[in-house]
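J.: The residues making up each chain are set out below.
There are 2 protein chains.
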Amino acid sequence: MEKKRPLILITNDDGYLAKGINSLIDSVKDLGDILVVAPDGPRSGMSSAITSLQPLRAHLLKDTPEFKLYTCTGTPVDCVKLGINELAERKPDIVLSGINHGSNAAVAVLYSGTMGAAMEGAVFKVPSIGFSLLDHSVNADFSATSKYIKLLTKQVLNNGLPNGTCLNVNIPKGNNIEGIKVCRQTSGQWVGEFIKSKDGANKQIYWLTGEFANDEPHDENTDEWALAHNYVSVVSIKVDMTNHKHLEEIKDWEKLV
Amino acid sequence: MEKKRPLILITNDDGYLAKGINSLIDSVKDLGDILVVAPDGPRSGMSSAITSLQPLRAHLLKDTPEFKLYTCTGTPVDCVKLGINELAERKPDIVLSGINHGSNAAVAVLYSGTMGAAMEGAVFKVPSIGFSLLDHSVNADFSATSKYIKLLTKQVLNNGLPNGTCLNVNIPKGNNIEGIKVCRQTSGQWVGEFIKSKDGANKQIYWLTGEFANDEPHDENTDEWALAHNYVSVVSIKVDMTNHKHLEEIKDWEKLV
Chain A
24 MEKKRPLILI
34 TNDDGYLAKG
44 INSLIDSVKD
54 LGDILVVAPD
64 GPRSGMSSAI
74 TSLQPLRAHL
84 LKDTPEFKLY
94 TCTGTPVDCV
104 KLGINELAER
114 KPDIVLSGIN
124 HGSNAAVAVL
134 YSGTMGAAME
144 GAVFKVPSIG
154 FSLLDHSVNA
164 DFSATSKYIK
174 LLTKQVLNNG
184 LPNGTCLNVN
194 IPKGNNIEGI
204 KVCRQTSGQW
214 VGEFIKSKDG
224 ANKQIYWLTG
234 EFANDEPHDE
244 NTDEWALAHN
254 YVSVVSIKVD
264 MTNHKHLEEI
274 KDWEKLV
Chain B
24 MEKKRPLILI
34 TNDDGYLAKG
44 INSLIDSVKD
54 LGDILVVAPD
64 GPRSGMSSAI
74 TSLQPLRAHL
84 LKDTPEFKLY
94 TCTGTPVDCV
104 KLGINELAER
114 KPDIVLSGIN
124 HGSNAAVAVL
134 YSGTMGAAME
144 GAVFKVPSIG
154 FSLLDHSVNA
164 DFSATSKYIK
174 LLTKQVLNNG
184 LPNGTCLNVN
194 IPKGNNIEGI
204 KVCRQTSGQW
214 VGEFIKSKDG
224 ANKQIYWLTG
234 EFANDEPHDE
244 NTDEWALAHN
254 YVSVVSIKVD
264 MTNHKHLEEI
274 KDWEKLV
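One line per chain: the protein sequences are A and B, in this order.
If you read the first sequence in the numbering used here, its first letter stands for residue 24, the second for the next number, and so on.
If you read the second sequence in the numbering used here, its first letter stands for residue 24, the second for the next number, and so on.
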């Protein structure tokens, strides 16, 4: 019996028409059969949001033995859930999300729909990777990403990932990439987050904006350091968010009642 | 100079009219000044989603020196960001989120708007707690929760939490609570997630549903075990999602290029 090619489930948060997801598809289409289940429009900043109060719809736009493309009305996580539970003919061997137009390094991993989808793959115990390019523009140049995407996708297909773990891969802008750094999530937060403005009826509105304030700009083990020095950052991300050390410190709170 | 009372920022994901948030306010109003910034309607399952493509609006509905209530058009995380950055007159001493109508134990922490808001407090280095009751009903009975909410809020106000850490507190339904268990996030996933149905035009739709399949039902250190045995579960949650152990295992991937 012929061995089946790997099934690669692909999604993103910028929608199926984005340049990034089409670049991702081009980079990995020779590595396996492709099932795309992607939002029908932009879903940036959706984190791991799920849709429960509205129904979901999926539309099959392309259908060949090696390549299927569904659009979905839901969030990136909805796309992964619908893809694995309902649309895939067999369990995917890997979930790839992106390529996001813009960074998902540091604390952006919390807000990112791209990474929400990758984490959802990890919840299903499917090895998963989220890819992002540090360029927000619609016409971002993804040409330098393909080499790293192929390499990391092959590594994960061959070696797997621990259960409940996915990779957050960010790629610097431009063609002068120094290599890969395996690193940790940078500590920091966004500051100056709102621009105040008025709507058409002269009422107060707030637009989310801001910039990242890095708590540890000189730490070579962080993803922000790697990216600032033109390395591809590879952070291993767990869906188990337990702070085990702190649990020990507060164990005696059980005796308060 | 008289010492100011603690400022308690309160939000939720069920909206400002929900019974749960009003029960939370009642439980802690004697512990400090209250600033509520809550969604103007239901935002369940919003995770750490943020609103960047639409403007945010806030409406001041109640305004006394000890108690202010704003509704917000955004997500739970938007409420925390807007509250801390724009609406609070000083930095909050604690962020409380909930009481959610329904469990946020185990992997639900990833999808929960209640916990998204608590994690956002942790990003701002403000000690934060998300509270949930294991009862989805609109008219859930919150009477047994007050004792535990007061106790844990006082503990955190007095002792703080490590930076980037918040608590995920789930409370069993009913009045026979055995006590508190400090425990870790249970491993598992949701299964049987979709009900297929037809819309008014006879087109295929999918409704998200399903039930939690516990990977470790007999492990006494997990939050699902605590709740199944009628304990309040207290899980310490980190916004740094790095899998440090796995980083070491893949460090040599740096040499692939």
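Just so you know, these hints were derived from the structure itself, not from any lab.
Any given hint could be a false lead.
When chains are identical, the list treats them as one kind, so a pair holds in a single copy or across two.
Stated by the list, open to error - For lysine-lysine, the following DSS-like pairs were computed, each having C-alpha atoms within a straight-line distance of at most 25 Å:
1. Lys-42 to Lys-170
2. Lys-91 to Lys-219
3. Lys-148 to Lys-221
4. Lys-27 to Lys-114
5. Lys-42 to Lys-221
6. Lys-91 to Lys-278
7. Lys-91 to Lys-221
8. Lys-274 to Lys-85
9. Lys-219 to Lys-114
10. Lys-221 to Lys-170
11. Lys-268 to Lys-85
12. Lys-196 to Lys-221
13. Lys-196 to Lys-52
14. Lys-177 to Lys-221
15. Lys-27 to Lys-278
16. Lys-42 to Lys-268
17. Lys-196 to Lys-114
18. Lys-268 to Lys-221
19. Lys-274 to Lys-148
20. Lys-219 to Lys-196
21. Lys-52 to Lys-219
22. Lys-42 to Lys-219
23. Lys-173 to Lys-278
Fair warning: this is a prediction, and the values are worked out from it, not measured in the lab.
J.: It remains to establish, for every hint, whether it holds in the given structure.
T.: Consistency of the hints with the structure:
When the C-alpha separation of Lys-42 and Lys-170 is checked against a cutoff of 25 Å, the pair qualifies only within one copy, where the shortest distance is 17 Å, while the shortest distance between copies is 53 Å. Within a single copy, Lys-91 and Lys-219 get their C-alpha atoms only as close as 44 Å, which misses the 25 Å cut-off; across copies the closest is 21 Å, which meets it. Taking the shortest Cα distances, Lys-148 and Lys-221 never come within 25 Å of each other, neither inside one copy (46 Å) nor across copies (30 Å). Taking the shortest alpha-carbon separations for Lys-27 and Lys-114, only the intra-copy value of 12 Å comes in at or below 25 Å, while the best inter-copy value is 57 Å.
For a Cα distance limit of 25 Å, the shortest separation of Lys-42 from Lys-221 qualifies neither inside one copy, at 33 Å, nor across copies, at 33 Å. For the identical chains of this complex, Lys-91 and Lys-278 are neighbours neither inside a copy (56 Å) nor across copies (34 Å), given an alpha-carbon limit of 25 Å. When the C-alpha separation of Lys-91 and Lys-221 is checked against a cutoff of 25 Å, the pair qualifies only between copies, where the shortest distance is 23 Å, while the shortest distance within a copy is 45 Å. Neither within a single protomer nor between protomers do Lys-274 and Lys-85 lie at most 25 Å apart by alpha-carbon distance, with minima of 54 Å and 39 Å respectively.
Taking the shortest Cα distances, Lys-219 and Lys-114 sit within 25 Å of each other only across copies (19 Å), while inside one copy they are farther apart (47 Å). Proximity of Lys-221 and Lys-170 under a CA criterion of 25 Å is satisfied in neither setting, with 46 Å inside one chain copy and 44 Å between copies. Taking the closest pair of Cα atoms, Lys-268 and Lys-85 never come within 25 Å of each other, the shortest separation being 49 Å inside a single copy and 41 Å across copies. In this homomeric assembly, Lys-196 and Lys-221 never come within 25 Å of each other (Cα to Cα): the closest approach is 35 Å inside a single copy and 45 Å across copies.
Taking identical chains as interchangeable, the C-alpha atoms of Lys-196 and Lys-52 lie at most 25 Å apart only when both belong to the same chain, with a minimum of 23 Å there against 50 Å between chains. When the C-alpha separation of Lys-177 and Lys-221 is checked against a cutoff of 25 Å, the pair qualifies neither within a copy, at 50 Å, nor between copies, at 40 Å. Taking the closest pair of Cα atoms, Lys-27 and Lys-278 never come within 25 Å of each other, the shortest separation being 56 Å inside a single copy and 30 Å across copies. Taking the closest pair of Cα atoms, Lys-42 and Lys-268 never come within 25 Å of each other, the shortest separation being 42 Å inside a single copy and 34 Å across copies.
In the homo-oligomer, the alpha carbons of Lys-196 and Lys-114 never lie at most 25 Å apart, since the shortest distance is 34 Å inside one protomer and 36 Å across protomers. For a Cα distance limit of 25 Å, the shortest separation of Lys-268 from Lys-221 qualifies neither inside one copy, at 47 Å, nor across copies, at 49 Å. Taking the closest pair of Cα atoms, Lys-274 and Lys-148 come within 25 Å of each other only across two copies (22 Å); inside a single copy the shortest separation is 30 Å, beyond that limit. Taking the shortest alpha-carbon separations for Lys-219 and Lys-196, neither the intra-copy value of 30 Å nor the inter-copy value of 43 Å comes in at or below 25 Å.
Taking CA atoms no more than 25 Å apart as the test, Lys-52 paired with Lys-219 passes in neither setting, with 45 Å inside one copy and 30 Å between copies. In this assembly of identical chains, Lys-42 and Lys-219 lie within 25 Å of each other by CA distance neither inside one copy nor across copies; the values are 31 Å within and 32 Å between. In this assembly of identical chains, Lys-173 and Lys-278 lie within 25 Å of each other by CA distance solely across copies; the values are 15 Å between and 53 Å within a copy.
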